[in-house]
Amino acid sequence: MVRAGFTLGELAEALQARLDGDPARVVVGVAPLDSAGPDEISFLTDPRYRDAARSSRAGALLVPADTADLPGALLRCVAPQQALIDLLRLFHPPAPAPAGVDRTAVVAADARVDPTAAVGPLSVVEAGAVIGPGVRLHALVHVGPGVEIGEATVVYPHVSLRDGVRVGRRVVIHAGAVLGADGFGFAFDGSAHRKIPQVGGVVIEDDVEIGANTTIDRATFGDTIIRRGTKIDNLVQIGHNVEVGAHSLLAAQVGVAGSSRLGRGVVLAGQVGVSHHATVGDGVVAGGQTGIRGEVEAGARIWGTPARPASELKRIVVAEGRLPELLRRVRALEQQLEQLAARLGDAGPAGGRGD
Amino acid sequence: MVRAGFTLGELAEALQARLDGDPARVVVGVAPLDSAGPDEISFLTDPRYRDAARSSRAGALLVPADTADLPGALLRCVAPQQALIDLLRLFHPPAPAPAGVDRTAVVAADARVDPTAAVGPLSVVEAGAVIGPGVRLHALVHVGPGVEIGEATVVYPHVSLRDGVRVGRRVVIHAGAVLGADGFGFAFDGSAHRKIPQVGGVVIEDDVEIGANTTIDRATFGDTIIRRGTKIDNLVQIGHNVEVGAHSLLAAQVGVAGSSRLGRGVVLAGQVGVSHHATVGDGVVAGGQTGIRGEVEAGARIWGTPARPASELKRIVVAEGRLPELLRRVRALEQQLEQLAARLGDAGPAGGRGD
Amino acid sequence: MVRAGFTLGELAEALQARLDGDPARVVVGVAPLDSAGPDEISFLTDPRYRDAARSSRAGALLVPADTADLPGALLRCVAPQQALIDLLRLFHPPAPAPAGVDRTAVVAADARVDPTAAVGPLSVVEAGAVIGPGVRLHALVHVGPGVEIGEATVVYPHVSLRDGVRVGRRVVIHAGAVLGADGFGFAFDGSAHRKIPQVGGVVIEDDVEIGANTTIDRATFGDTIIRRGTKIDNLVQIGHNVEVGAHSLLAAQVGVAGSSRLGRGVVLAGQVGVSHHATVGDGVVAGGQTGIRGEVEAGARIWGTPARPASELKRIVVAEGRLPELLRRVRALEQQLEQLAARLGDAGPAGGRGD
Chain W
1 MVRAGFTLGE LAEALQARLD GDPARVVVGV APLDSAGPDE ISFLTDPRYR
51 DAARSSRAGA LLVPADTADL PGALLRCVAP QQALIDLLRL FHPPAPAPAG
101 VDRTAVVAAD ARVDPTAAVG PLSVVEAGAV IGPGVRLHAL VHVGPGVEIG
151 EATVVYPHVS LRDGVRVGRR VVIHAGAVLG ADGFGFAFDG SAHRKIPQVG
201 GVVIEDDVEI GANTTIDRAT FGDTIIRRGT KIDNLVQIGH NVEVGAHSLL
251 AAQVGVAGSS RLGRGVVLAG QVGVSHHATV GDGVVAGGQT GIRGEVEAGA
301 RIWGTPARPA SELKRIVVAE GRLPELLRRV RALEQQLEQL AARLGDAGPA
351 GGRGD
Chain F
1001 MVRAGFTLGE LAEALQARLD GDPARVVVGV APLDSAGPDE ISFLTDPRYR
1051 DAARSSRAGA LLVPADTADL PGALLRCVAP QQALIDLLRL FHPPAPAPAG
1101 VDRTAVVAAD ARVDPTAAVG PLSVVEAGAV IGPGVRLHAL VHVGPGVEIG
1151 EATVVYPHVS LRDGVRVGRR VVIHAGAVLG ADGFGFAFDG SAHRKIPQVG
1201 GVVIEDDVEI GANTTIDRAT FGDTIIRRGT KIDNLVQIGH NVEVGAHSLL
1251 AAQVGVAGSS RLGRGVVLAG QVGVSHHATV GDGVVAGGQT GIRGEVEAGA
1301 RIWGTPARPA SELKRIVVAE GRLPELLRRV RALEQQLEQL AARLGDAGPA
1351 GGRGD
Chain A
2001 MVRAGFTLGE LAEALQARLD GDPARVVVGV APLDSAGPDE ISFLTDPRYR
2051 DAARSSRAGA LLVPADTADL PGALLRCVAP QQALIDLLRL FHPPAPAPAG
2101 VDRTAVVAAD ARVDPTAAVG PLSVVEAGAV IGPGVRLHAL VHVGPGVEIG
2151 EATVVYPHVS LRDGVRVGRR VVIHAGAVLG ADGFGFAFDG SAHRKIPQVG
2201 GVVIEDDVEI GANTTIDRAT FGDTIIRRGT KIDNLVQIGH NVEVGAHSLL
2251 AAQVGVAGSS RLGRGVVLAG QVGVSHHATV GDGVVAGGQT GIRGEVEAGA
2301 RIWGTPARPA SELKRIVVAE GRLPELLRRV RALEQQLEQL AARLGDAGPA
2351 GGRGD
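Chains as they are written, first to last, in the working numbering: chain W, 1 to 355; chain F, 1001 to 1355; chain A, 2001 to 2355.
Quick caveat, the hints were computed from the structure, so don't treat them as lab data. Among the hints, a few may not be true.
Listed next, the in silico SDA-like pairs over lysine to any residue satisfying Cα-Cα at most 25 Å (straight line) [claimed, not checked]:
1) 2314(A) x 2328(A)
2) 1195(F) x 151(W)
3) 195(W) x 2148(A)
4) 1314(F) x 1328(F)
5) 2195(A) x 1098(F)
6) 1314(F) x 1282(F)
7) 2314(A) x 2301(A)
8) 1314(F) x 2311(A)
9) 314(W) x 301(W)
10) 195(W) x 278(W)
11) 195(W) x 2032(A)
12) 1314(F) x 325(W)
13) 195(W) x 2094(A)
Note that this is a predicted model, so its numbers are computed, not measured.
Full structure from sequences and hints, please.
Now the structure itself:
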């Protein structure tokens, strides 16, 4: 939480923004529109908040390049959302990790820890592990035998990396995550479930982020794979032999059962479940709590259990709300038709009520 | 699990109960009706268990004040459920924590640990953290830089409190919970998801309880807030910038997505999901697995995905069970009507089958 | 990940298989059909993969006893799935744990650790705990006061076993699991939720497996019990006073609320929720995300929320897909009937539209 002051001129240059206002004015922090004070800079990245921007007390605003009719100092940016990220990084640079192995950490004699890596207090690095340059292991991390961690990866406290797990570069693994626990594989022998040894591994590619207390199981054979750039939220379960494609987003409490394949750029909202051996195409977007089985074609937008096209499910949801009424209407139709038939001197058409 | 013996007279006084029986009789423990023995006291807090009470071997019973027709020694209480809590606390006082910092804990030089606090074996307290009076940190806890923990709070093993998290007084945080991990915030720049720095915090007010392996993310800006007296079960996810109102109950595996607001006294049953930016009014009660979006008005009882009034959903559920039959009945009606129209010398009314 | 070479003759003997091929041929590993090379043995346990078996480059195949028409060396087995487990154990024997207490572990003076047990680096064993023969505690494990762990049980890093938890023999507890946290029990006193002391325990019988970051709460009174041979996946929640019968399978993210009873051989797919005080009979199989309340009779196959017989739910799901169409058809019927009645010189039958 380091804070520094910047002049608007410095910020305009750093963010490649066009400044309307005094380049010598200093701001000391970033804050949302409603809480920013005169010595802070705020931002308008969503046009719905124009009114809040107009009434904000912020000393300056980061805005889209074509914004009109806003008072005060403006930093006009072509990509304001990206500029906001840069702005936040300027004001909140990552805390420097003291390179080196904390004296209370326990590191196996044959583990290789790059001299620029940091190993935090009471962390354990087992035999044959390889910790790359600039890696930061926080306190109380467990790195199992033969684990490999690539450059500049950050591992938060209480993470467990089981034997042989391979983690790429610039990966972030949040507290309590478990990578490489045994896949859930058993075979019933007539009297008991016998454990199928899970002899595969886990591969996390570059730039992946893994949420707190998320679990990613090792494969039975081969590898469970999370492709590059994919972001996984908290308390997510990834079963054995799953492959999650690049640049996907898995929200909290999603579960993906064994041997399923997710494509590139897939977005699963919270609590979605994917059955085993399912195939989810590139760019699929699934609404919260969706239950996915079988195959989902690329680009589909799905919702519900079992998953349906979201637009179809919305119609069904509306119709369900009318279902009790519909039952009454059908009953009424049956009575009317019966009466009508009776009036016509008939006991009713052949075929009866169909049940 | 400390146990002591009490006379019924002592218990009647401590619980402000009226005693029917021998005040000198000693009981040495509390047990349910079906397992209590003659040297134990049991309890009848739910009238459905009257028969079990009558046949119980318990040496005494804690009962509602107006209970009639039960044999044996009775402790009559106006609020028997509350009296049971007091009774259990008498027989099971919390184990005294040895004040002081265990010699194997790692505490930063500038952290402030109250002399009456206990820091367990192999716990880590980082720079600038403040541990209040009577706090108990169990073994293997991680307290990040600048964390503040209020008086008499208990933190179980393997909890992670990231930098700057503020925890109130008399809070209980169960094993493996993670407070203050980064919120799940990314912005796609055309080729990759860029991380939006999560520079806010987490505030846990007084008397909150947080379940095992639950995760509560830090805010993007400002704070994620859990208001006083709220109880959260295991494996719950609370996203960034969420506010949970006072005295709410969130059962296991509930997920609340970013920026949602829950009112006071909200009750969410197990596996409920709340979408981002939702607003749940005071006193809302949601059944298991409910999926909540948008706004739910105060006092509503809801169920289902998407959430509906519970009474409406129950009718829909019944109607759904008749849906296959309903399809057959509509088909029959269409045939009958067609036949009737044909008999009347007509090819059918204008408008056809409507599809 | 120890690997050794075996001759096919040695394997045939060890697996009680009939060998078609050269008994002197050596294989050095086990791999799936599509990735196995000439120096590896593969397996055909599912007849759907016959084509893959035919085109596999594997040096030998483990197959069902009656397999015909496959080229190359074959190991014919009566129970190929079980033989595969044996085969994997031959090639991947568990890494030997160095018996003894790591010098960095913290073990209470009065804890009893069997001399053949291993206690890993930075693990904590509290007062009165009993660690049986051949037990392996990995690094950073927490064993609370009075915990008992039976012979040959394996406990992975960051597991928390709260006070008094009893674990049987040959149990596997994966990383980050929490056993014995307080059950979620509170009583509202008119102004706040007061905690009901949870004074019971947890009993894990022999041969149980518990997944990563799974939580099993202690009972209010008595014990939460997991019966022998049951396998529980990751991120599962088991509430207080639950009993799970023997040889059951609970997939990832299942939640079982307090005081529920599951029978023997129950199978719950991922994300299933069981309400409190439910009773699930022996052999029940529940599909993913099912919501179970009340009582489910033995042998039932159920799905959906609320749970229904799976076959019935499948019909409902199909019918739901036709619900918007059904609404239109009923509207059309009403119009046709009205027109018909009008043509017959009538304002419509008594009773109107039934609503």
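- Task: Mind checking the alpha carbons of residue 314(W) and residue 301(W) for me, to see if they're no more than 25 Å apart?
- Result: holds, 12 Å
- Taken at face value, is the distance from the CA of residue 2032(A) to the CA of residue 195(W) at most 25 Å? Holds. Residue 195(W) to residue 2032(A) sits at ~17 Å (cutoff 25 Å).
- Within a Cα-Cα threshold of 25 Å, do residue 1195(F) and residue 151(W) meet the stated pairing? holds, 18 Å
- With a cut-off of 25 Å on the C-alpha distance, tell me whether residue 2314(A) and residue 2301(A) pass. OK: residue 2314(A) and residue 2301(A) at ~12 Å, within 25 Å.
- Agreement of residue 1314(F) and residue 1282(F) with the hint, judged by alpha carbon distance not exceeding 25 Å: holds, 23 Å
- Given the hint that residue 2314(A) pairs with residue 2328(A), test it: the Cα-Cα distance must not exceed 25 Å. holds, 23 Å
- Task: Could you grab the alpha-carbon distance between residue 2195(A) and residue 1098(F) and see if it respects the 25 Å cut-off?
- Result: holds, 23 Å
- Message: Would the hint linking residue 195(W) and residue 2094(A) be met if the CA-CA limit is 25 Å?
- Response: holds, 13 Å
- Message: Just to be careful, I want the Cα atoms of residue 1314(F) and residue 1328(F) compared with a cutoff of 25 Å; is the pair within it?
- Response: Roughly 23 Å between the alpha carbons, so the hint for residue 1314(F) and residue 1328(F) holds.
- Decide if the proposed pair is consistent with the structure: residue 1314(F) and residue 2311(A), CA atoms, cutoff 25 Å inclusive. holds, 21 Å
- Item | Restraint check for residue 1314(F) with residue 325(W), where alpha carbons must lie at most 25 Å apart | It holds: about 14 Å lies between the C-alpha atoms, which stays within 25 Å.
- Quick one, are residue 195(W) and residue 278(W) close enough, alpha carbons at most 25 Å? Roughly 23 Å separates the two Cα atoms, so the pair holds.
Of the numbered hints given earlier, the model fails none.
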